[in-house]
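For the protein sequence lines, the chains are C and P, in the order given.
Mapping of the first sequence onto the working numbering: residues 5 to 194, in sequence order.
Mapping of the second sequence onto the working numbering: residues 5 to 194, in sequence order.
No wet-lab data here; the hints were simulated from the structure.
Treat the hints with care, as some may be off.
If several chains are the same, the list does not tell them apart, and a pair holds so long as it fits within one copy or across any two.
What the hints assert, rightly or not - Below 25 Å or equal to it, Euclidean Cα-Cα: the simulated DSS-like pairs (lysine-lysine) are:
hint: 1; residue 1: K14; residue 2: K85
hint: 2; residue 1: K25; residue 2: K54
hint: 3; residue 1: K183; residue 2: K25
hint: 4; residue 1: K87; residue 2: K25
hint: 5; residue 1: K17; residue 2: K183
hint: 6; residue 1: K87; residue 2: K17
Spelled out, the chains give:
Protein chains: 2
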Amino acid sequence: MKELIERIQKHGKILRNGILKVDSFINHQVDPVLMDACGREFARRFADVKATKVLTAEISGIAPAVTTALHLGIPVVYARKTKPVTMPDAVLLTLAPSHTKVVMTELIVSPEYLADGERVLIIDDFLASGATIMGLVRLAQTAGSQIVGIGTLIEKSFEGGRELLASLGVPIEALAVIKSMDDGQIIFDE
Amino acid sequence: MKELIERIQKHGKILRNGILKVDSFINHQVDPVLMDACGREFARRFADVKATKVLTAEISGIAPAVTTALHLGIPVVYARKTKPVTMPDAVLLTLAPSHTKVVMTELIVSPEYLADGERVLIIDDFLASGATIMGLVRLAQTAGSQIVGIGTLIEKSFEGGRELLASLGVPIEALAVIKSMDDGQIIFDE
Chain C
5 MKELIERIQK HGKILRNGIL KVDSFINHQV DPVLMDACGR EFARRFADVK ATKVLTAEIS
65 GIAPAVTTAL HLGIPVVYAR KTKPVTMPDA VLLTLAPSHT KVVMTELIVS PEYLADGERV
125 LIIDDFLASG ATIMGLVRLA QTAGSQIVGI GTLIEKSFEG GRELLASLGV PIEALAVIKS
185 MDDGQIIFDE
Chain P
5 MKELIERIQK HGKILRNGIL KVDSFINHQV DPVLMDACGR EFARRFADVK ATKVLTAEIS
65 GIAPAVTTAL HLGIPVVYAR KTKPVTMPDA VLLTLAPSHT KVVMTELIVS PEYLADGERV
125 LIIDDFLASG ATIMGLVRLA QTAGSQIVGI GTLIEKSFEG GRELLASLGV PIEALAVIKS
185 MDDGQIIFDE
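Same shape as in the complex, but just chain C (with noise of 0.2 Å):
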């Protein structure tokens, strides 16, 4: 998606450690205009997979995952990462590696908003080696609920995730795939 694309162009950031900085435009500031737009993308690519609900986690896929569902007209879930007191005791709980990868991260959803027989779209800002999508992968399948599609704004494709997720069938869609950053040097597949 170009104006994505040349968003992360302009103001994206890699950091020392390998990582892409878009917390101006992203996950920390938000413009609500380009989620937006995103989200009514992420609708036409995914308009003919049924998704009866979108799913994603906190935090940072809650901007673009909220846009989705409003433009395809369905609910979103986002699962927690610490279990809020309103949650009944039994919940659905799954471990994913946290994006430092040092630690393991809960993904838990409650069972009265992820229902058996319902179709997930699963909405994240990035897919990089898939594990965090994997964990709501998971989470959605115990629930008995069928994945039909999988969208992020951005995908760094040389990490790996994508072929994780391939095992699956469903359409995978990035609005903006980056295969490389070495030399500190944005390259876009395009």
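Based on the hints, put chain P in the right spot on chain C.
Chain P alone, transformed into the frame defined by chain C:
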């Protein structure tokens, strides 16, 4: 706002600890159409305050803050509760009591995105004691920004938050004001 009040009447639940459970449409599962309508209503009510940025706190403030910012056409910043690796070493940080009031929570904003002279509209899901919102006010004021309005989806007017925030002298808008939750009954101030 009639639509939100009706939803709380229909799907809100009072838990034993006096907590209002609205996680089927606001803060775990989110109804994006309702959040969009709430964002439009906030944009209407705050049309004259000339806000340049929306500020909220992760996690449950994000959805209404993003839709409000979308309808105002300005960016939104969400304060983090843990400092991500993408943030610079020097940050704006304050402490606010958590909702359970047992522990203190950190609220962290990067000085990159909250600047001197910014006109800040605070949006959050709940106004109860006002402690979280006062934390956001301190962050904005430390940055040299000016608070120009405060909006929350739900206000529990019996918890004193509005009185705490009154000294700021800015408009405070809540889309659903609850004046009592005694005896398992939600009574709105209409």
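Hint-by-hint comparison with the structure:
1. K14 / K85: neither (32 Å within a copy, 28 Å between copies)
2. K25 / K54: Close neither inside one copy (33 Å) nor across copies (29 Å); limit 25 Å.
3. K183 / K25: within (16 Å within a copy, 44 Å between copies)
4. K87 / K25: between (28 Å within a copy, 14 Å between copies)
5. K17 / K183: within (15 Å within a copy, 48 Å between copies)
6. K87 / K17: between (33 Å within a copy, 18 Å between copies)
Violated hints, listed in ascending order, are 1 and 2; each of the other numbered hints is respected by the structure.
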